[in-house]
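Asks: Order-wise, the sequence lines are chains H and Z.
Take 111 as the starting number for the first sequence in this note's numbering and just add one per residue.
Take 344 as the starting number for the second sequence in this note's numbering and just add one per residue.
Misleading hints may appear alongside valid ones.
What the hints assert, rightly or not - Lysine-lysine pairs mimicking DSSO-like chemistry, simulated, CA-CA at most 27 Å apart:
#1 Lys782(Z) <-> Lys582(H)
#2 Lys232(H) <-> Lys404(Z)
#3 Lys654(Z) <-> Lys241(H)
#4 Lys249(H) <-> Lys599(Z)
#5 Lys403(Z) <-> Lys241(H)
#6 Lys181(H) <-> Lys350(Z)
#7 Lys222(H) <-> Lys422(Z)
#8 Lys186(H) <-> Lys490(Z)
#9 Lys455(Z) <-> Lys199(H)
#10 Lys429(Z) <-> Lys232(H)
#11 Lys241(H) <-> Lys404(Z)
#12 Lys429(Z) <-> Lys350(Z)
#13 Lys338(H) <-> Lys782(Z)
#14 Lys490(Z) <-> Lys196(H)
#15 Lys126(H) <-> Lys186(H)
Hints listed in this document are in silico derivations from the structure and should not be mistaken for laboratory results.
Please read all numbers here as calculations on a predicted model, not as lab measurements.
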Amino acid sequence: MDEDIVDYALECAQSKKVDYAEVRANSQAQDRIILRNEILEAFVSAVDSGFCVRIMADGGIGFASTNSWSKEEARKIVDLAFKYAKAAKRKDKLVFAKEKAIKTKWAVEQKKKIENVAPEEKISAFADVNKALASCGVKVPSVMSQVFVDLITKYFVNSEGSRISSFVPKIGAFLYVTVAERGKTEQGYEQFGYSGGWEALDHWKIQEKMVHDATVLRDVITKAKSVKPGEMDLVCGSEVTGIAAHESCGHPMEADRILGREMSQAGRSFIYKGGEYWIGTRIGSDAVTVVDDPTIEHSYGYYPYDDEGVKAGPRFLYKKGLINEFLQNRESAAKLGTKSNGSSRSVNYDREAIVRMANTFVAAGEFTEEELIEDVKQGVFMKSFTEWNIDDKRFNQRYVGKEAYLIKDGELLHPVARPVIETTTLKFWSAVDAVSKKVEFDAATCGKGDPSQGVPVYTGGPCMRLRRVFVK
Amino acid sequence: MSDILGKTEDVVMRAKKLGADEVIAKTTFGKYRQVRFSNNQVDITVAWDDYVTDVALAWKKRVVATQIHDFRDVDATVKGLVALAKVSGENPMFGGFAEGSFRYPRSQADRKLESLESPTELVFEAIGAAEKEAGSEVDSGGILFTKFEDVYLVSSEGPSGTDCRSAVELSIRAFSEREASGHGVECGSTLKDFEPSRAGRKAGEIARLAKNPKVGDEGVYDVIFDPLIFGSVLGVCGGMASAFNVMVQLSVFVDKLGKRVSPEIVTLTDNPAAYSMSQRVFDDEGVPTKANVFIDHGVLKTYLHNASTAKVFKTETTGNAGLVAPNPWNVEMSPGTVSKDELFRGVNRGLYLTNTWYTRFQNYVRGDFSTIPRDGIFLIEHGEVKKSLKDLRISDNVLSMLGNIAGVSKERQHVHWWGEADPPSLSPYVLIKDVHMTKSR
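The task is simple: from the sequences and hints, build the whole structure.
Replies: Now the structure itself:
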């Protein structure tokens, strides 16, 4: 990364009649390891490096990027971004919410530096997971593993005087497993993610987790019974709590979505000005507080400053059941008359930064997991999920259980095969009557943007108990 | 330009000299432009120029790959890649890159898409058309996307050639009310016959019809799928036809070769033809692309292959090689014998679905999935669209739905849409019987 070229690009932009300009460079050393069972399909190792210019002029925004590092190229993309900004011809001119300039450098520490881990060690760490699955006593015909190792260096400058350098090592893994028994199959996946060094693998305990999953999937085939559809209590494990927090709290609270900027792709939100739901409206019970916090150290979605150079901190999205605070970038904040809360993220130099979640979770309650279950007469404990989705206004969602058990008189009985909750955001969060103490996180890749920008996030929370919801 | 082919060939030669058994290098100069709009105004116009040489090499059945962004870095990068291969694990199923010397047809890419002078005008044309259909209160958003790529490929196994690939897409979603919307797309490889207003009209028409939607009822329906939503189904089928996805059990077509998977009226072909957004004259191994019928009158005839998966399945490559796995390029459904109107007339009570999103599977081998229709959802009674509905979900099975296809229209549209209708497809109106719809409780 040549910071002089980045600075030069900003100078070029400032020599024009711009309202605002920024240059963001991103250099990413990437390893991608693809394994089919324990066989290495391919090892892709590359460096992707480039920079972009975003210009606001005449109330329009232009953006151009390149991966050619030269001053000539810098001039070219500045000209292009400026031309596009002017061509917008907007009736209502865009402005950004005011922010103070920040000059800083930050980095995520590694206990075991990824740079010192040999390729063969990276491969064998995951090939060993497959070996463990092959010998765990469950018939596992297929495991598809994808491993992502990134060393991300960024340099951000803007026309307001901000200058931020950063370095983040990130490791992610996605494993998709198929189990076959008695001529039937069950499938499930696990995702792992961490900002930091190779010590991530010590935290993940992948072998243990994947062998557990294989056993659970086998039990779904051999032991599980269907649930008799009807109203009952549902205890959600942290994984289910986390996906619900992400889908039916995090996404609808993205201010760009609320303002309609994603209307054609990820959609709008059930929350909108003049509608039934807005800040202060009740959306859940008192037990529900959902937080998005990018500053959780070593989390998959970690960052202290966003991709517009704004300092980040925890955002309380739903607070004690009330809609409390939207996720904002500088554009959306200006439109809504507020300040950015550092929610602007971009996946690379060639994508504009848009409003995103980081680590979204339900805040801890006062109960133990056992206390939640022992107070259920008839219900289901949905510990983890498989198929899920939600509509584009983020109101009608569905979660299908992967590991799930019937609860009778406070006791966990047999596994339940694919229980389904299909309900609205209001009903889901209003039904929560108790939340456990222990918050756990799962890694995920959040999809949004066109072209698509999958950003690393955590979803999480404690166990939650929902009273009298329809489970089928 | 032959200079670039020479430099690409040089990458291959250097890797061979360093000990690689087989090498493919593919250089792409890409110019991509996008106008994003919402609330009837342009939010941002984006340009991204990209140069990359993708290099894949094999050494003793160890497959590794990298990207080079500057030809000055070739020596160090190729040396590193060969070293990586030597410490990598063997893939016993790697059957080698495709061999042969081929002549490719001349690309029909549209040079005008290299840099459009006034892309925003095309956007305003679509917005205007939506307003004309649904009224001046309509609120539209979407994208205009253009692509122009110069591609140079050299393989140590013989293939060598150049290609140009262009694409243009206008996608517009119009809201006539908060919960009444329609989506239209206009897609192609060239500006010839490209009409943004067609997409705007379609979005506006559906948005107008979708006003005052009521929550639909759960149940089993005969459903007419619009070309846009059926494009999502075709994308799923194309992906599942990839031999790699079959090998890793991410497909309903596992063990189905030669078997009936749908009625006779269903013929699906993968074809990156000149009209398509996925147009290309060769795949990532340099094999000439062609039309591959993979479901022929309801029978699964072949998977989509690269050279390596073809060897595993004891067949020939179909020209679908991507860097690691074979991919579908553009899925065509053969036209039926009835018109769209006749298809509607044949439905006594059913649904007309226009678009969907968030398709997720419980189990790819079984094919259990759900997806959430969006934009216009309509109740059909006695062959006519009667009522606008909302908040329904398809909760069904891919194989059941393929098996229940009961009608295919003559009319087809080339469709592609963010996230769901991908890869592009040539998609008709399709009637599927007994589709399971669920809703929130």
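Asks: Among the hints numbered above, which are violated by the structure, and what are their numbers in rising order?
Replies: Checked against the structure, no hint fails, so every one of them is satisfied.
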